[in-house]
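Q: These are the residues of each chain, in order.
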Amino acid sequence: MKPAVAKAASASFPASLRCSRTGVYAPLLKPESPLDPPLKKGGTGGLSPGGTVSRRRAWHLNAVLVASLSILGGVPAVAFQFQDARPGYAFSFPRDHASHDAFRTEWWYYSGLIAGPDGQRFGYQLTFFRSGVDPGSKNPSRWTVRHLYLAHFAVADLAARRHVFFEKMNRAGIGWAGSRPDRLHVWNEDWSAEISEGIHRLRARGGGYEIQLDLEPFRPPVIHGRDGVSRKGNGPGEASHYVSLTRMKTTGILTAGGRVIPVKGESWMDHEFTSADLSPNLAGWDWLGLRLSDGSDLMIYRLRARGEGSREIVSGTLVRPDGAARSLEAAEIRLAPGGTWKSPGSGAAYPVHWRVEIPGERIVLDARAVFPEQELVTAESTRVTYWEGVVDVSGESRGKVVTGEGYLEMTGRARPE
Amino acid sequence: MLSRARLLAAGLILRPLFSDPARAAMTIAGVAIGISVVVSVHLATRAATASMKGSIAIVAGRTALEVSGGGYPFDESVLREMEWLRDEGIVSPVVTGRVRVVRRAGAAPAPAETLTILGVDLLKDIRVREYGALVSARERKKFDAVSFLRLLAEPNAAIVTEGFASRHGLAAGDRLPVLVNDRARDLVIRGVLADEGIARAMGGDFALMDIAAAQDLFDRFLLLDRIDIALGEGASLEAVRKRLETTLPPSLSVTTPSRRGTQVDTLLAAFRANMTILSAVALVVGVFLIHNTISVSVVRRRSEIGTLRVLGVGRGRILALFLAEGAVLGLAGAVLGVAGGWLLARAVVGSVTRTVSSFYVSSLASTAGAEMQMDLLTAAGGLAFGLIVAVLSSVIPAREAAGISPASVLRAGSLETKKKRRRPLSVVTGLVLLALAYPAALAGPVDGLPLFGYFSAFLAITGCAFLAPAATALTARALRHPLARLRAPGVLAGAFVRANITAMSAAVTALMIGVAMFVSVAVMVLSFRETFLLWLSQMMTADLVVSTEAQGGRGFDHTIDESFVEDLRRAPGVAAIDLFRGYTVDFRGVPVTVGGAALSVMGRHARLSLLSGADPVPVLESTVGRDRVIVSEPFSRRFGVGRGASILVPSPAGPVAVTVADVYRDYASDRGSIIFDRSTFLTHFPDRRVNAAGLFLSPGADLERARGEILERAAAGGRRIAVVTNAEIRRQAVRVFDQTFAITYALEAIAVIVAVLGIVNTQIAQVLDRRREFGLLRFLGASRRQVGGMMLVEAVLLATTGIALGVVLGVILSLILVFVINLQSFGWTIEWSVPTAFIVQAAAAILLATALAGLVPAWRAAGVRAAAEVREE
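Going down the list, the protein sequences come from chains A and B.
Going by this note's numbering, the final residue of the first sequence carries number 502, and the count climbs one at a time with no gaps.
Going by this note's numbering, the final residue of the second sequence carries number 933, and the count climbs one at a time with no gaps.
It should be emphasised that the hints constitute simulated quantities derived from the structure, not laboratory data.
Treat the hints with care, as some may be off.
[Claimed, not checked] Quick list of the computed label-pair ranges, beta carbon to beta carbon:
| hint | chain 1 | residue 1 | chain 2 | residue 2 | range |
| --- | --- | --- | --- | --- | --- |
| 1 | B | E141 | A | A415 | 31 to 41 Å |
| 2 | B | T306 | A | G343 | 21 to 31 Å |
| 3 | B | E141 | A | R180 | 30 to 40 Å |
[As the list claims (entries may be wrong)] Among the chain B residues that face chain A by a calculated CB cut under 8 Å, a handful are:
| hint | residue |
| --- | --- |
| 4 | E136 |
| 5 | S137 |
| 6 | M142 |
| 7 | R146 |
| 8 | D181 |
| 9 | I271 |
| 10 | L282 |
| 11 | R286 |
| 12 | T740 |
| 13 | A782 |
Just so it is clear, the structure is predicted and the values come from calculations on it, not from any experiment.
For each residue, glycine too, the CB sits at the ideal point set by N, CA and C.
Put together the whole structure using the sequences plus the hints.
A: Right, dumping it as structure tokens:
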């Protein structure tokens, strides 16, 4: 690949993308978001001491969602009524791998660990976001922003402790980006994820890195939460539909620094869709997706609370080796973050060593970042700085020593000026 | 030595200047006016060009290459052919156009303005152009693409510039009513861009919209106006361009933004050259004023010079002294002129910019608020120019001074004797120069500029200047008898003028040139006006013209649905309809008009004037359904394309080969036009919307009823159209015509005024010089009235000569202007006709003005007391 090409590709949206799977929550850390529209008359609003939220503030938060997935959620003229995530949703596959345009926000999130023939390990992350803006617009122009499509691509070279990150953002336009409603095919320029004959085919490249991977799920989809909904808050509609393919056999080619490496490994896919407005008193989010050597998989997330009188939300799912999934309640989960790494770039402090205990399942795990420098610090205009990286796991499960690997994500810990 | 030189200079040059401040001031003013006109024209045209090029550069931003349809919107799906470019840079599709801003009720009054809309995909474009911060009363914030997009996602949402918002009293959240095509729309102001980056383009008269909203606003779905490409580091411009050229359809062109800047230069070169040369005319008058002043100075100080020579002062020093006097006058005039030019330029730059952008480059960039800059080079150039001109004008009288022999102290009038002997030589020179003007006028243009035309005019002026002394003597001689009737004052005045031709003829020449300029421009403009009116009455025969309310002026920005105008065929009283649609397109690198009209209807209802003189009806019929076009005279002349020629006309589907059926006269624009019959036009230009429709009513139909009916139909359909009658259009056209040439008259009138002042200037000098003569006359019994009368008769005599010569020269110059300079600059054939009555009136007015102004020296001469002067004698 020519250097020019690499340069141009890496220049893609150097600073403007603010997505992470959970970036939804991160902007809440900023009382004065730069996204506060300067043109509206009246006060900025803001959090009142009791943690309640003024109407203006709610709008503000809505605007903050711009920084995440409901990119244009605050546009007053958009009358489209998005569908809420309600209990009783009946998943059906492969249809539910495809796009759900009636929901405001949707993402397909692939992460995995792959290794070359010499055993050199790499982590990769490829995420596609769809953010409904105005699906009902009457403007027949192809450029009408009915949805906005975003994508992230990251590669972690574990041996070299190098982490690279690329992003894309497009409207559908003449087909620059999109997601099909009938089958899984989501793309953003020349990055794509598509199911063909049951195999997820991933393509992405940027800055001299490229993946061409085939992912074959060998466990059935896991639907998180209860009754088809995963709670993201305490109010009605503060929830999402959330499905994972926790183990996918992965083969393909990784290009890194001019080397073309045939790779093998395992991947995890999260697919989530929701129209939820965020509860304003959440400060950030931590997420773990771990695959253990005894064949079980564990997903845990925690929505951290902000201020007095608000409760954090913790939830998880344990997938047994036989593929059976069990939803974990907050009371069943103990999380102990530690091993703080302070980012020189953002100044944020990230716990990069997590102890996870599920006493009911006799699980005690230590998940440690393979290296701490896996933060995504974007330029000054970016509202979300987050940490997303590979962790190695060791511990016990039902009395047996286990190892494992997976991804850890932490948002809302940086407080950029 | 040095101090002696200084003493000499002070005594001989500066003291007289101070002792006669009125004369010095007038001379200095003459130079100052000339220099200020030159400087202001230079500054204003340069500022206009710079602002246009600046706008192009700002709008282009980091664009390295642009893909365009050569003036036509093109299918956006061509972007799919450009996906490989992702590896090389950023591809940003652009939809752009202009809307007319409607004055809002209750808002601060602002003139109807054109607002350029830039419709882009901010996600891409934020890396192509430099977008400044968004401002509000409270704060300013640097925004990113998503924030912009969020503000613009709403239909009709627009972000305007700080300058525009303050001019129109707008703030975020306000509605801005605009006219676009035949509709009224409300834009919603969602943000105000700080006055930086792109907000500085077009003087701030531009608004940012989302590309989807812009397509909706202009009803341009699936179409783009341009694709801007910014290249990443290391990408090869040439390689990218080559690949684009080989992969894109032939109807699309790939150019660099700087090419448009170059185009501005090319288009404005002729305009700037013409303006500069015209402005230099004002300086010619200054030249003669200096020549006059120095001549007078030399004559007056003949005895002093003789004395100096007796005392051993060399010829070289005398020469230097008088050159220095010229230089002092020139420098003083130039200093004032540079300052005055700066002020004048500030006053006119707005109108120059508007003229330039509306007449020449409206397709390239619209502009307002050009920034004026005075630089050292212009200032120094103006000073140097004034100085050089002054010194050169002083050379002839200074040489005369240097030639004065020491003995001449004793003999008065020796200079005049010498001059008289030379007169036949100068008459021959004058006639030769005049004769040479003719072949010079026959030469063709150089680089599109009528350089030989100007040279011919120069030869004519110089020739007449050489003839001026002889003509003055001749006039005085010829008027001997009428003068004799005025008794003593007349006889004396005639005799004096004949005896002092050198001192007198410079003033005559200055007046001659002023009058000639005035007359020639008057002849040209009035000839043009007559030609234009005749042409208008032949061409503009439609009883009613329907166009968009938005258009308001030139250009083809706004359109009406064809269905609406087609329906008008069935309106009561309508006999025929001519539909017109035009585009501004690139033809051989120059913007021209390509249009479609119902040529057969025109053949039946109008009398198109063809250059070939052929009957227009069969020619126009021959274009129906065929790839035959008619082209305008300026087009034919600019590109050297005549009847029967084959040309390639750019169309949305690529170049179309057509044959030129004939060349028609077109005085509406100096931009070339290619006109198809609508039947053929629609096969190559499928967009059926029209810019205007001409309605021909059946005999006896009620004009106002028909107009009312059309307006009613428009209102019912929510359309904003304008319906004007034939008479209104003609009135409007004549008004525009007269406005356009008003400034030309003003410029030439200045020349006449300066020249008239020259005569008075000479006379005032005479009063000082001839005190002894006047005293003697009084002593011999002449009354005050007779002495004053003599001076007045002299002034009138000089003025008559100058005016007569000026009219002759003016008529000669008008021929050069009409048949050479105008034809080569603009490509218009004008029927030359001399407006005798106007010229006679103007001549009488100038004569009267001179006579009135001549009262001042006459009064002063009459005031000379006999006793004092004769005692001296």
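Q: Hint numbers the structure violates, sorted upward?
A: 1, 6, 11, 12, 13
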